[in-house]
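Heads up: the protein sequence lines correspond to chains A and B, in order. Numbered as in the working numbering, the first sequence ends at 150 without a single skipped number. Numbered as in the working numbering, the second sequence ends at 268 without a single skipped number.
By construction, these hints were calculated from the structure, which means they are not laboratory data. Note that the Cβ used here is the ideal one computed from N, Cα and C, for glycine as well. Treat the hints with care, since some could be wrong.
[Claimed, not checked] Not close to chain A: a few residues of chain B, all C-beta gaps over 12 Å, as computed:
| hint | residue |
| --- | --- |
| 1 | Gly171 |
| 2 | Phe175 |
| 3 | Met182 |
| 4 | Arg199 |
| 5 | Ser204 |
| 6 | Lys208 |
| 7 | Ser220 |
| 8 | Thr256 |
| 9 | Leu266 |
[Claimed, not checked] What the simulated footprint calls covered on chain A by chain B, stretch by stretch (three residues with Cβ under 8 Å from a Cβ of chain B suffice, anywhere in the stretch; the number is not a length):
| hint | segment |
| --- | --- |
| 10 | 78 to 90 |
| 11 | 124 to 134 |
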Amino acid sequence: AQTVTQSQPEMSVQEAETVTLSCTYDTSENNYYLFWYKQPPSRQMILVIRQEAYKQQNATENRFSVNFQKAAKSFSLKISDSQLGDTAMYFCASGPDYGQNFVFGPGTRLSVLP
Amino acid sequence: DVKVTQSSRYLVKRTGEKVFLECVQDMDHENMFWYRQDPGLGLRLIYFSYDVKMKEKGDIPEGYSVSREKKERFSLILESASTNQTSMYLCASRWAGGGETQYFGPGTRLLVL
């Protein structure tokens, strides 16, 4: 069975600083994808960043980047130059190359402080 | 922009009532999902549909059923609501294929009294 663990239920960071959210996973799939989704307060969940497991290069999207360690099954999210709008629940998720067996972690609530 | 809408943002029902939650997407996505979101548990998949009239059980299907008569619409049905089904329900859709992004609706917060 697939599992996704996020060991930090809550975190806070000062505006303009950098923060890293942790995620570990376990999967029996040979090929799979990893995702970070963001759910702002009372707003819809949106994709932050996606990583294909067979690609060694870490994905980046503007201020968001990941540190993907395949052997360690670790997929952390780094947010640089944190902004107030980054305040949200962040969910790590894994999904197979084919199929629907997506698994989400319990989430990390991030607060960006002014 | 992809738009996924859900019929209600908040819903209050009584134990034993039949409850319908509807989800509509406007991007012709093949796949649609219903999740339940509870604090500390993340999102758990209830049901998945990969095409019209096609469905598969997710991790927690007990007490729920689904219907997908048209490609754009995916309904979640609670045949006889119980208090332990009080939760946030999220619908999502996506293109078929590996690694495709899921697009989420705003969620329905259901309270069963």
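Structure-based check of all given hints:
1. With a minimum CB-CB distance of about 30 Å to chain A, B:Gly171 clears the 12 Å threshold, and the non-interface call stands.
2. No beta-carbon of chain A is positioned within 12 Å of the beta-carbon of B:Phe175; the least distance is around 21 Å.
3. For B:Met182, the requirement that its beta carbon stay farther than 12 Å from each beta carbon of chain A is met, with the minimum near 14 Å.
4. Listed as outside the interface, B:Arg199 is inconsistent with that label: its C-beta sits roughly 8 Å from the nearest C-beta of chain A, within the 12 Å cut-off.
5. Listed as outside the interface, B:Ser204 is inconsistent with that label: its C-beta sits roughly 9 Å from the nearest C-beta of chain A, within the 12 Å cut-off.
6. No beta-carbon of chain A is positioned within 12 Å of the beta-carbon of B:Lys208; the least distance is around 16 Å.
7. Against chain A, the non-interface label of B:Ser220 holds: every CB pair exceeds 12 Å, the least being about 17 Å.
8. For B:Thr256, the non-interface assignment is contradicted: its Cβ lies about 5 Å from the closest Cβ of chain A, within the 12 Å cut-off.
9. Non-interface call for B:Leu266 relative to chain A: holds, since the shortest CB-CB distance, roughly 16 Å, exceeds 12 Å.
10. Judged by the Cβ-Cβ criterion of 8 Å, the segment 78 to 90 of chain A is covered by chain B as claimed, because 7 of its residues qualify and three suffice.
11. Only residues whose C-beta sits within less than 8 Å of a C-beta in chain B count toward coverage, and the segment 124 to 134 of chain A has 6 of them, enough to reach three; the restraint holds.
Checked against the numbered hints given earlier, the structure breaks hints 4, 5, 8 and satisfies all the rest.
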